[in-house]
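Enquirer: Below, each chain spelled out in residue letters.
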Amino acid sequence: MRSGMTLAAYLFLSPYLALFIAFMLLPTLAAIGISFMRWDILGAPEFIGLDNYRQIFGDPLFLTAIKNTFYFVFLTAIPMVVLGLALAMLLDQKLKGTAFVRTVVFLPYVVMVSTVGILWGWLFDKGTGLVNYYLTTIGIEPIAWLKDPHWSMPALAITTIWWTVNTNMIIFLAALQDISEELHDAATLDGAGPWQRFVYITLPLLRPAMALVTALTIINGWRVFGQAYVMTQGGPEASTFVIVQYIYLTAFQNFEMGPAAAAGVVLLLITLLFSLAQMKLMKAI
Amino acid sequence: MANDVFAKSLLTRRQALALGASAALAGALPRGAFAADEKVTLWHGWTGADNTTALNGVIDTFNKGGKGVTVEPTGYDWDTLFSKWVVSSAGGRAPDLVLFHITELPEFATRKVIRPIDDVVASSGLDLSQVPDAGRTGVTFDGKVYAAPLDVHPLGFYYNVDMVQEAGLDPAKPPKSGEEFLEWAKKLTVKDGSGKITRYGFELPNTWATARWIWFSLMYQFGGTFLDDKGLAAVDSEASQKALQYLVDLINVHGVTNPEVGGNKGEDAFASKQVAMKFIGPWEVNLRMAQKMNFMTAQLPVFGQKAAVWANSHCMAVSKQKSDDKLAADGTFMKWFFDNFAAPATTVGIIPQSKAVRESAAFTGTEQYKYFKSFVDDLPNIVYEPLIPQYLSVFSFDKPTPLVTNLQAALSGSKPVPDALKAMKEGLDAQLKKG
Numbered sequence: 005m006r007s008g009m010t011l012a013a014y015l016f017l018s019p020y021l022a023l024f025i026a027f028m029l030l031p032t033l034a035a036i037g038i039s040f041m042r043w044d045i046l047g048a049p050e051f052i053g054l055d056n057y058r059q060i061f062g063d064p065l066f067l068t069a070i071k072n073t074f075y076f077v078f079l080t081a082i083p084m085v086v087l088g089l090a091l092a093m094l095l096d097q098k099l100k101g102t103a104f105v106r107t108v109v110f111l112p113y114v115v116m117v118s119t120v121g122i123l124w125g126w127l128f129d130k131g132t133g134l135v136n137y138y139l140t141t142i143g144i145e146p147i148a149w150l151k152d153p154h155w156s157m158p159a160l161a162i163t164t165i166w167w168t169v170n171t172n173m174i175i176f177l178a179a180l181q182d183i184s185e186e187l188h189d190a191a192t193l194d195g196a197g198p199w200q201r202f203v204y205i206t207l208p209l210l211r212p213a214m215a216l217v218t219a220l221t222i223i224n225g226w227r228v229f230g231q232a233y234v235m236t237q238g239g240p241e242a243s244t245f246v247i248v249q250y251i252y253l254t255a256f257q258n259f260e261m262g263p264a265a266a267a268g269v270v271l272l273l274i275t276l277l278f279s280l281a282q283m284k285l286m287k288a289i
Numbered sequence: 006m007a008n009d010v011f012a013k014s015l016l017t018r019r020q021a022l023a024l025g026a027s028a029a030l031a032g033a034l035p036r037g038a039f040a041a042d043e044k045v046t047l048w049h050g051w052t053g054a055d056n057t058t059a060l061n062g063v064i065d066t067f068n069k070g071g072k073g074v075t076v077e078p079t080g081y082d083w084d085t086l087f088s089k090w091v092v093s094s095a096g097g098r099a100p101d102l103v104l105f106h107i108t109e110l111p112e113f114a115t116r117k118v119i120r121p122i123d124d125v126v127a128s129s130g131l132d133l134s135q136v137p138d139a140g141r142t143g144v145t146f147d148g149k150v151y152a153a154p155l156d157v158h159p160l161g162f163y164y165n166v167d168m169v170q171e172a173g174l175d176p177a178k179p180p181k182s183g184e185e186f187l188e189w190a191k192k193l194t195v196k197d198g199s200g201k202i203t204r205y206g207f208e209l210p211n212t213w214a215t216a217r218w219i220w221f222s223l224m225y226q227f228g229g230t231f232l233d234d235k236g237l238a239a240v241d242s243e244a245s246q247k248a249l250q251y252l253v254d255l256i257n258v259h260g261v262t263n264p265e266v267g268g269n270k271g272e273d274a275f276a277s278k279q280v281a282m283k284f285i286g287p288w289e290v291n292l293r294m295a296q297k298m299n300f301m302t303a304q305l306p307v308f309g310q311k312a313a314v315w316a317n318s319h320c321m322a323v324s325k326q327k328s329d330d331k332l333a334a335d336g337t338f339m340k341w342f343f344d345n346f347a348a349p350a351t352t353v354g355i356i357p358q359s360k361a362v363r364e365s366a367a368f369t370g371t372e373q374y375k376y377f378k379s380f381v382d383d384l385p386n387i388v389y390e391p392l393i394p395q396y397l398s399v400f401s402f403d404k405p406t407p408l409v410t411n412l413q414a415a416l417s418g419s420k421p422v423p424d425a426l427k428a429m430k431e432g433l434d435a436q437l438k439k440g
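Line by line, the protein sequences are chains A and B.
Heads up: the first sequence begins at 5 in this note's numbering, then just goes up one per residue.
Heads up: the second sequence begins at 6 in this note's numbering, then just goes up one per residue.
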C-alpha cells in the first residue's frame, strides 16, 4: 500500500521532474563542469582548473556587475515587499470594484520585458517623457533618467517594481485571506484598533508569506537582465551592467563559455546563500 | 465602438484562420512543380518590418524567376544571429548563406564558420570589379575573398530645412567646414524667455553608437587612426584627443548640443524637434520621408585637415558546410542579389557597392535618391573600422565595453578627455592582445 502510494506520487511528479532534470538540473551540472574548462563552442573543451574563476574575479567589469546587481537588489527589495503588502491590504477590502482594480494591478505582469523596457524608455525620456512632465509640474527639473549614471539604476528599479510588485501582492493577498475573520472580531471586541490588529494579528500571521516574498524578491533581483538589456544595455558608463548581462556578453559575444559558466556558478552560489537564509528564517518562525 | 473593435478582431482572427488553412493546403499539395529547386537558407539581421518586407519581396522575385533555386530567408536581430549561427555551425546545422557587416568578417573567418568564395565568384560570374577598392579589401581575409560586398552606408548630415530657414540660413548651402558648422549649430540652438534651451542645434547622444561614429570620422579627419601599426589602440593620439575634445566643447563650451537628448530606442529627437541637425546613416531617409519631415542631407563637414567619414557595409558569405553540394545554388543567388540590389538598397536605405547598380536608373530614379546623393558623393572619403578578428567584442555598441564606457564618460563630463582616452586605450589593448 505504502510503496504503491510512493509510486503514484512519483508518477504524478514525473512530468515536472523530467522537465526539471532535462532543462534545469543537467544544464546546471554541465555549466559547473564547463566553468573548469576553456571552450569556445566550436572547438573541444580543455580542462584548466580554476583559471576561469581567477579570470572573472580579476576582471573589473565582473566586479562592477556584482556591485551594480547588489545595488539593484537593495533598491528593489524593500519597496517590493512593502508595496506588495500595502497593495494586498488595500485590495483585501470588500469594496465595489476591487476585482477590477486587482486585474489592473496584475496586468503589467503579463507584459513582455521588451515591451516594458521600451514603454518605460519613452516614459523616462528627458525631453518628451511623461515622468519628467509630471516632475516639472511640481517644480522639479527634468532628469535624464536613462542617460545619467546616477539615475539609470533607480529608473530600472522603478520599472521593475511597477512590472513585478503584483506577484508579491498576490502571495500576500492569499495569505491575508487565510487569516480567520474571527481573530479580528475577537480582537475588536477586546478593544483593539485597526493599527493594533495589524501589528498583533495580521503581521505575525503573515510572517511565512513575508519570508517567502522577501526571499523570492531578492533572488529575482540578483537574476535581473531583461530590463537592463532593453532599456540601457548596461550603460551609461556601465552603471546598469548586471551579472546576467556579463554572462550573456562573455558567452555569446566573446564565445568564452568557461568564464561565462564560472560567473553563472557565482550567481548560483549567491542565490543559494539567500535561499538558505530564507529557509533558516522560515524555520525560525 | 467596443463592438467595432470586437468585430474587427473577429474578422482578423477569421482571416488568420483562413490564411492558416490555405497555408496548410499549400503544404499538402504535391511538390512536383518545385522538385528541381535547390533550397538555400539565408540568415540576415534586417529585422525592421520594412526591411524584412523589402528583402522578402526581392527574394520572392528571385524564387519565381525559374533559376532552379529557392531561397528561404530568416531574420534575427544581429546579436541573436551571430550566437545562433556559431552554435548551429558547431552542431552542423548552419544556414547556407549569411548576411552581416564586413567589419565582422575577420572574426567569422577566424572562427572558420565561413569559407572562402573565390571559386563561387568565378563560377557564378559575380563581377567584383564593380566594387570600390575599400569594399573589396573589406571582404578579403588572408588573401582570399570571403563574401560579396552588397552595400555601403556612410554617416551623413541631416538637417531640418524649416528650422534652417527660420534661422536665416540658406538650406541650399550646408556647412562644409567646422567653423561653418558651429555657426549653424549656434544659430539653430533656441532658448526661451528664461534662457532655458528648448532646442539644440545638433544631436550628439551619449547612448548608442552615433557618438562613436562621429568621433571616429573626426579622428581620421584630424589625421589620426584607430589602431597603430602594431595593431594596438591609438585612441590616445593627439588627433583622437582633438576630435573628442571638439565634440565635448560642442556640449560644454558652445552649448549647442546635449548628450542627454536623443539616441535611445524609441526616442526621436529629430522628429520631435528637440534638435535641428544630426549625423546618421542613409537608413534614416525612408523614416524621415514617411514622417513627411522637411529635411535635407549633405556630406559630413570637414572639421579637420581632410574629409573622412565613418562607414560600414553589408556582405553575403557562404557558411562552412560538410559538403559543397549547394555552392552552385549559393552562387546563383549571390550574383543575382548583387546585380539586383537597387530595390533592397532603396527600401533599407543603403548605397549599393556595385557601380553598375549604383548608377542604374533603378537606384538613381527613385524619389529617395535626392537624399542618397550626398552619401554617394561622400564615398571617396569613407573609412571602415579596423578589420580585426576581435571586432564584435571591441566595437559592440550596446555593451559597456572600454570603448563605450569611456566615450560616454568623456561626453557626460565625468572624465576629462585625456583621462577617458588613456583608460580606453588600456581597456582596448587588453581586448586586442587577447587575439
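Worth double-checking, as some hints may not be accurate.
As a list, the in silico DSSO-like pairs of lysine-lysine whose alpha-carbon atoms are at most 27 Å apart [stated by the list, open to error]:
1) B:Lys149 <-> B:Lys420
2) B:Lys360 <-> B:Lys72
3) B:Lys427 <-> A:Lys71
4) B:Lys327 <-> A:Lys71
5) B:Lys420 <-> B:Lys201
6) B:Lys117 <-> B:Lys149
7) B:Lys117 <-> B:Lys420
8) A:Lys71 <-> B:Lys439
9) B:Lys297 <-> B:Lys378
Using C-beta positions, here's what the derived DEER-type ranges look like [unchecked claim]:
10) B:Val92 <-> A:Phe16: 32 to 42 Å
11) B:Lys325 <-> A:Trp126: 21 to 31 Å
12) B:Glu243 <-> A:Ile223: 22 to 32 Å
13) B:Gly200 <-> A:Phe74: 34 to 44 Å
Only some residues are given here: those of chain B computed to face chain A with a beta carbon under 10 Å [unchecked claim]:
14) Thr85
15) Lys196
16) Gly198
17) Gly200
18) Glu265
19) Gly267
20) Asp273
21) Pro391
22) Gln395
23) Lys404
24) Leu437
Don't read these hints as lab results, they were simulated from the structure.
From the three backbone atoms N, C-alpha and C, an ideal C-beta is built for every residue, glycine too.
Enquirer: All hints are to be evaluated individually against the structure, with a verdict given for each.
Expert: Status of the hints after comparison with the structure:
{"no.": "1", "hint": "B:Lys149 <-> B:Lys420", "verdict": "violated (43 Å)"}
{"no.": "2", "hint": "B:Lys360 <-> B:Lys72", "verdict": "holds (25 Å)"}
{"no.": "3", "hint": "B:Lys427 <-> A:Lys71", "verdict": "holds (24 Å)"}
{"no.": "4", "hint": "B:Lys327 <-> A:Lys71", "verdict": "violated (46 Å)"}
{"no.": "5", "hint": "B:Lys420 <-> B:Lys201", "verdict": "holds (26 Å)"}
{"no.": "6", "hint": "B:Lys117 <-> B:Lys149", "verdict": "holds (13 Å)"}
{"no.": "7", "hint": "B:Lys117 <-> B:Lys420", "verdict": "violated (40 Å)"}
{"no.": "8", "hint": "A:Lys71 <-> B:Lys439", "verdict": "holds (26 Å)"}
{"no.": "9", "hint": "B:Lys297 <-> B:Lys378", "verdict": "holds (19 Å)"}
{"no.": "10", "hint": "B:Val92 <-> A:Phe16: 32 to 42 Å", "verdict": "holds (35 Å)"}
{"no.": "11", "hint": "B:Lys325 <-> A:Trp126: 21 to 31 Å", "verdict": "violated (43 Å)"}
{"no.": "12", "hint": "B:Glu243 <-> A:Ile223: 22 to 32 Å", "verdict": "violated (51 Å)"}
{"no.": "13", "hint": "B:Gly200 <-> A:Phe74: 34 to 44 Å", "verdict": "holds (41 Å)"}
{"no.": "14", "hint": "Thr85", "verdict": "holds (9 Å)"}
{"no.": "15", "hint": "Lys196", "verdict": "violated (15 Å)"}
{"no.": "16", "hint": "Gly198", "verdict": "violated (16 Å)"}
{"no.": "17", "hint": "Gly200", "verdict": "violated (14 Å)"}
{"no.": "18", "hint": "Glu265", "verdict": "holds (4 Å)"}
{"no.": "19", "hint": "Gly267", "verdict": "holds (8 Å)"}
{"no.": "20", "hint": "Asp273", "verdict": "holds (9 Å)"}
{"no.": "21", "hint": "Pro391", "verdict": "violated (17 Å)"}
{"no.": "22", "hint": "Gln395", "verdict": "holds (9 Å)"}
{"no.": "23", "hint": "Lys404", "verdict": "holds (5 Å)"}
{"no.": "24", "hint": "Leu437", "verdict": "violated (13 Å)"}
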